[in-house]
Amino acid sequence: MPVDAISLRKIADLAAIYIEEKELEKFAKDMELIIGYMEQISLIDTGDTEPMSHIVPVTNVLRNDEVTNACRRDELLKPAAVTKEGYHAVPNVVDLS
Amino acid sequence: MNIHAKTLKELSKMLINKEIGAVELTRCFIDNIKRQDKELNCYITVCEDEALEKAREAQKLLDAGKNISPLCGIPFAVKDNICTKNIRTTCASKMLENFVPPYSATAVDKLEEKGAILLGKLNMDEFGMGCSTENSYFGPVRNPWNTEYVAGGSSGGSAAAVAANLAVFTLGSDTGGSIRQPAAFCGVVGLKPTYGLVSRYGLVAFASSLDQIGPIARDVTECAMVLNEIAGYDPMDSTSVKKASEDYSENLDQGIDGMKIGMPEEFFGTGLDPEIREAIFKTAEALERNGARIEKVSLPSLRHTVACYYLISSAEASSNLARYDGIRFGYRNPYAKTVDELYKLSRAEGFGREVKKRILLGTYALSSGFHDKLYIKALKVRRMILEDFNNALEKVDCLIAPVYPTAAFRADEDNSDDPLTKYLSDIYTAAVNLAGLPALAVPLGLDKCGLPTGMQIIGKAFSEKILLRAGYAVEQITGRVAGVEKRHAV
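Protein chains in written order, with the numbering used here: chain A, 1 to 97; chain B, 1001 to 1490.
Simulated from the structure, these hints should not be mistaken for lab results.
Watch out, some of these pointers could steer you wrong.
Unchecked claim - Straight-line alpha carbon distances no greater than 25 Å define the calculated DMTMM-like cross-link-like pairs of lysine to aspartate or glutamate that follow:
(1) B:Lys1085 <-> A:Asp74
(2) A:Lys26 <-> B:Asp1418
(3) A:Lys84 <-> B:Glu1349
(4) B:Lys1060 <-> B:Glu1048
(5) B:Lys1260 <-> B:Glu1288
(6) B:Lys1018 <-> B:Glu1148
(7) B:Lys1357 <-> B:Asp1325
(8) A:Lys22 <-> B:Glu1113
(9) B:Lys1357 <-> A:Asp74
(10) B:Lys1242 <-> B:Asp1257
(11) A:Lys22 <-> B:Glu1341
Claimed, not checked - Computed spacing ranges between beta-carbons, pair by pair:
(12) A:Asn69 <-> B:Asp1414: 26 to 36 Å
(13) B:Ile1294 <-> A:Ser7: 11 to 21 Å
(14) A:Val82 <-> B:Asp1417: 50 to 60 Å
(15) A:Glu25 <-> B:Lys1038: 37 to 47 Å
(16) B:Ala1005 <-> A:Glu25: 34 to 44 Å
(17) A:Asp45 <-> B:Asp1417: 26 to 36 Å
(18) A:Asn69 <-> B:Arg1323: 54 to 64 Å
(19) A:Gly47 <-> B:Asp1414: 15 to 25 Å
(20) A:Gln40 <-> B:Val1100: 25 to 35 Å
(21) B:Lys1243 <-> A:Glu75: 27 to 37 Å
(22) B:Asn1017 <-> A:Arg73: 43 to 53 Å
(23) A:Glu25 <-> B:Arg1056: 54 to 64 Å
(24) B:Glu1278 <-> A:Glu32: 48 to 58 Å
(25) B:Pro1300 <-> A:Glu66: 17 to 27 Å
Glycine included, C-beta positions come from ideal geometry on N, C-alpha and C.
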């Protein structure tokens, strides 16, 4: 599929990345080249080969629900740019008007 | 006394015999960083005060003299995508410029418990995405052999720091070749362990099913000594593998008499620099003279590696990097009016161009209509690549192959119109990650331009001991690539 500015805008929306108008074309050109190459994979005859997402057979690791550390709220909030009264702060999500 | 010419083993002996103190040794490396690193840019953060404090603690352990680890008092550094408690961990990204983790990676904890001294955090391609350490928010790393050339990537800081004696050893991470390629470019030894051998806890995720932490050092023995300390099951990493521990530095010098070594023909086709091909063939002949049996093997699916690798790694990256939302940690756009704007602007301004490109590529591969055609297909091809390796490794003990099609390339090359060529060059290394196998990059000497050339030795899962033994044999043939030590000697 050719990647044009419109389809790339949709992908960027899904990825939650704003791309400026002037960058959009260059990104679309790069992506078209790369995806054009990657698409060759769809032509490979994989027969009945099963997909392999992980090299090690992984299973859920469950542990007993024991408290392993003390309250670290302040320590864990420290890397956030904006906090308020012990919480992460975000712009309003409910329209108050 | 030239401290920087000493091996890890020699330094450890000197520390134990009190010929040098841990503080003095640490200061020696910090001084060297101050002298050399303006030009090379290996370090993003140098922890001078913390390192000297830890050196004083290590000296107490050395003075007490009981059960001393060979790494006690040894200065090391880690790639800046490996978390270090109370020391900022940036992934070379504006996104994490001020991120200070509240915990350390298991690999770092294990080394520090043994008394090794963390000097600082090393430069890299942003989030591990790149092959030259030029995609760094903190500026590019230069190759210590010739600063007009790149150090490789993405663990470019980790490899260059070892080559220039700015740390005794370092840790890097390898998703598609990021330990082995810079090690080859800088003339040092780098090991990508079997997936699951070293805990990934505290390694900032790029592509979780491919990422692995590993050591970079000046020789095979040092790599083995570091692996001894960092390998092992960790309940904090659900993909960590439970298995009996091994002594990787044991019997390194046992030789390779009777060892069967495969040369996959697909690794030596067009595109490979003739000088590198010749260096590997010459090494193979020398290994044969030392008792190894060289056999031709085939990996027919190897040619699908790059498409398969970039689809899977970008898909995983697009999911892993979704956590950078500007809210819980990392860069936050201060003007966003809505949550949606906050996500989109923070990510637009916090990530560099290459990272955005990979996220977009991964999002595309996972999006409705392409998921089966591209992503699931890539997962099937991944199994075919693994089966090829398994078939080849049934006949031989290990494989030898190039690491990269060329030696280090020039810095500041403008590839903006050609985003594919560099991706295609990952073919020799990325296949190994897709198959989860271990591989050791060893230097073979210098090419006509005076730049290091390298080779990788690939083995079955958990066959690190065989790789290290073979690597040790190569080292006896080619000699330690020691020229750069003279250049940077104190």
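Consistency of the hints with the structure:
no.	hint	verdict
1	B:Lys1085 <-> A:Asp74	holds (15 Å)
2	A:Lys26 <-> B:Asp1418	holds (12 Å)
3	A:Lys84 <-> B:Glu1349	holds (24 Å)
4	B:Lys1060 <-> B:Glu1048	holds (19 Å)
5	B:Lys1260 <-> B:Glu1288	holds (9 Å)
6	B:Lys1018 <-> B:Glu1148	violated (40 Å)
7	B:Lys1357 <-> B:Asp1325	holds (17 Å)
8	A:Lys22 <-> B:Glu1113	violated (51 Å)
9	B:Lys1357 <-> A:Asp74	violated (35 Å)
10	B:Lys1242 <-> B:Asp1257	violated (31 Å)
11	A:Lys22 <-> B:Glu1341	holds (19 Å)
12	A:Asn69 <-> B:Asp1414: 26 to 36 Å	violated (50 Å)
13	B:Ile1294 <-> A:Ser7: 11 to 21 Å	violated (50 Å)
14	A:Val82 <-> B:Asp1417: 50 to 60 Å	violated (40 Å)
15	A:Glu25 <-> B:Lys1038: 37 to 47 Å	holds (38 Å)
16	B:Ala1005 <-> A:Glu25: 34 to 44 Å	violated (53 Å)
17	A:Asp45 <-> B:Asp1417: 26 to 36 Å	holds (33 Å)
18	A:Asn69 <-> B:Arg1323: 54 to 64 Å	violated (21 Å)
19	A:Gly47 <-> B:Asp1414: 15 to 25 Å	violated (42 Å)
20	A:Gln40 <-> B:Val1100: 25 to 35 Å	violated (44 Å)
21	B:Lys1243 <-> A:Glu75: 27 to 37 Å	holds (34 Å)
22	B:Asn1017 <-> A:Arg73: 43 to 53 Å	holds (48 Å)
23	A:Glu25 <-> B:Arg1056: 54 to 64 Å	holds (57 Å)
24	B:Glu1278 <-> A:Glu32: 48 to 58 Å	violated (38 Å)
25	B:Pro1300 <-> A:Glu66: 17 to 27 Å	violated (51 Å)
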